[in-house]
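Colleague: Build out the structure end to end from the sequences listed, making use of the hints.
As a plain string of letters, each chain reads:
2 protein chains.
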Amino acid sequence: MEDKIKSGYLYDFYGELLTERQRSVYEMSINEDLSLSEIADTLSISRQAVHDIIKRCDHQLQEYEDKLHLVDKFMNIREDVLKINKLTSSEPGKDTLAEISRLSTLILEEL
Amino acid sequence: MEDKIKSGYLYDFYGELLTERQRSVYEMSINEDLSLSEIADTLSISRQAVHDIIKRCDHQLQEYEDKLHLVDKFMNIREDVLKINKLTSSEPGKDTLAEISRLSTLILEEL
Numbered sequence: 001m002e003d004k005i006k007s008g009y010l011y012d013f014y015g016e017l018l019t020e021r022q023r024s025v026y027e028m029s030i031n032e033d034l035s036l037s038e039i040a041d042t043l044s045i046s047r048q049a050v051h052d053i054i055k056r057c058d059h060q061l062q063e064y065e066d067k068l069h070l071v072d073k074f075m076n077i078r079e080d081v082l083k084i085n086k087l088t089s090s091e092p093g094k095d096t097l098a099e100i101s102r103l104s105t106l107i108l109e110e111l
Numbered sequence: 001m002e003d004k005i006k007s008g009y010l011y012d013f014y015g016e017l018l019t020e021r022q023r024s025v026y027e028m029s030i031n032e033d034l035s036l037s038e039i040a041d042t043l044s045i046s047r048q049a050v051h052d053i054i055k056r057c058d059h060q061l062q063e064y065e066d067k068l069h070l071v072d073k074f075m076n077i078r079e080d081v082l083k084i085n086k087l088t089s090s091e092p093g094k095d096t097l098a099e100i101s102r103l104s105t106l107i108l109e110e111l
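Listed in order, the protein sequences are those of chains G and W.
FYI, the numbering for the first sequence is 1 to 111, going by full-length UniProt numbering.
FYI, the numbering for the second sequence is 1 to 111, going by full-length UniProt numbering.
If you're looking for bench data, these hints aren't it; they were derived computationally from the structure.
Among the hints, erroneous ones may be present.
Pairs count within a copy or across copies, as identical chains cannot be separated in the list.
[Unchecked claim] Here are the simulated DSSO-like cross-link-like pairs (lysine-lysine), alpha carbons at most 27 Å apart as the crow flies:
| id | residue 1 | residue 2 |
| --- | --- | --- |
| 1 | Lys-83 | Lys-6 |
| 2 | Lys-55 | Lys-83 |
| 3 | Lys-55 | Lys-86 |
| 4 | Lys-55 | Lys-67 |
| 5 | Lys-73 | Lys-86 |
| 6 | Lys-86 | Lys-6 |
| 7 | Lys-6 | Lys-55 |
| 8 | Lys-86 | Lys-67 |
| 9 | Lys-67 | Lys-6 |
| 10 | Lys-73 | Lys-6 |
| 11 | Lys-83 | Lys-94 |
| 12 | Lys-73 | Lys-83 |
Modeller: See the structure below:
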C-alpha cells in the first residue's frame, strides 16, 4: 500500500489512541497534506519537532496494527465485498449467487 | 448483547493491548469459563484479586471500544453480510442482485 494511504487507514482505525497534540499535527500532515515547514510555522515549533511527532505517530499506529491486525482484517473484507458488489452487475443466474454465497461465507469466517 | 458475548468480542479485538498477566486471567474467565475461585486457586492469588483484574480488563477493553468503535463497526458489517448470505439462497433474479448491491454498497461506505 502507498505510504500515505496506509498511514491514513492506520490513523482512521487507531488515531483516537494518540494524544490530542499528536492528532492535530498528524491531521495537518495526512488530511490537509501540509509540508513539515508549513506545520512548523502554524504551530510555532521547529521543523524537526514536527518531523519527530509524525514519526512517533507512525510508529505508534503501526505498533497497534502489529498487535491487533484490524486494518489488515478490514482490508481483506473490503476486497471481498468489492467483488460481491461487482458481481451484482453481472448476469443474475445461479452461478453468480453461488459465488456471492462463497464470498460472503468467507467474510463471515473472517469476522 | 449478552455480557459474556460482548466481553468476548471486545477481547477478540483489543485483547492484545492488555498485559500478558491480564490476558491469562481474562482467558480463564472468558474462554475457559472458570469461576473466580477456580482461577484464584490456579494462580494462588485471592478471589478478590482475580475479581479486580477482570474488572480492570473489562474497563480497559470498553475504553478502547469507546474510542475506536471497531466492534460496533464490525457488528454492523456482520449483520449486512449475513443478510447478503441469506439472499443467495433466494430466487436468482434482478431484485435479489439489486438488494445485494444495495447492502454491499452500504458495507463499503462503512469500511
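Colleague: Within a copy, between copies, both or neither: where do Lys-55 and Lys-67 come within 27 Å Cα-Cα?
Modeller: Result: close both inside a copy and across copies, 19 Å intra and 22 Å inter.
Colleague: Check Lys-83 against Lys-6 for me: Cα-Cα at most 27 Å, and say if that holds within a copy, between copies, both or neither.
Modeller: For Lys-83 and Lys-6, the Cα distance is within 27 Å only inside one copy (21 Å; across copies 30 Å).
Colleague: Is the C-alpha distance from Lys-73 to Lys-83 at most 27 Å within one copy, between copies, in both cases, or in neither?
Modeller: The answer is both: 16 Å in one copy and 20 Å across copies each meet 27 Å.
Colleague: How do Lys-67 and Lys-6 come out at 27 Å by Cα distance, when the copy is not named: within, between, both, or neither?
Modeller: This pair counts as both: shortest intra-copy Cα distance 16 Å, inter-copy 20 Å.
Colleague: Using 27 Å as the alpha carbon limit, work out where Lys-55 and Lys-83 are close: within a copy, between copies, both or neither.
Modeller: For Lys-55 and Lys-83, neither the intra-copy (35 Å) nor the inter-copy (42 Å) Cα distance is at most 27 Å.
Colleague: Is it within a copy, between copies, both, or neither that the alpha carbon of Lys-83 lies no farther than 27 Å from that of Lys-94?
Modeller: For Lys-83 and Lys-94, the Cα distance is within 27 Å both inside one copy (16 Å) and across copies (17 Å).
Colleague: State whether the alpha carbon distance between Lys-86 and Lys-6 is at most 27 Å within one copy, between copies, both, or neither.
Modeller: Within one copy, since 24 Å is at most 27 Å while 33 Å is not.
Colleague: Give the relationship of Lys-86 and Lys-67 under a CA distance limit of 27 Å: within one copy only, between copies only, both, or neither.
Modeller: Answer is neither: 32 Å inside a copy and 33 Å across each miss the 27 Å cutoff.
Colleague: Treating 27 Å as the Cα threshold, decide for Lys-73 and Lys-6: within, between, both or neither.
Modeller: both (14 Å within a copy, 19 Å between copies)
Colleague: At most 27 Å between C-alpha atoms: does Lys-6 with Lys-55 qualify within a copy, between copies, both, or neither?
Modeller: within (14 Å within a copy, 35 Å between copies)
Colleague: Using 27 Å as the alpha-carbon threshold, which applies to Lys-73 and Lys-86: within, between, both, or neither?
Modeller: both (20 Å within a copy, 23 Å between copies)
Colleague: Check Lys-55 against Lys-86 for me: Cα-Cα at most 27 Å, and say if that holds within a copy, between copies, both or neither.
Modeller: Close neither inside one copy (38 Å) nor across copies (46 Å); limit 27 Å.
Of the numbered hints stated above, those contradicted by the structure are hints 2, 3 and 8, listed in ascending order.
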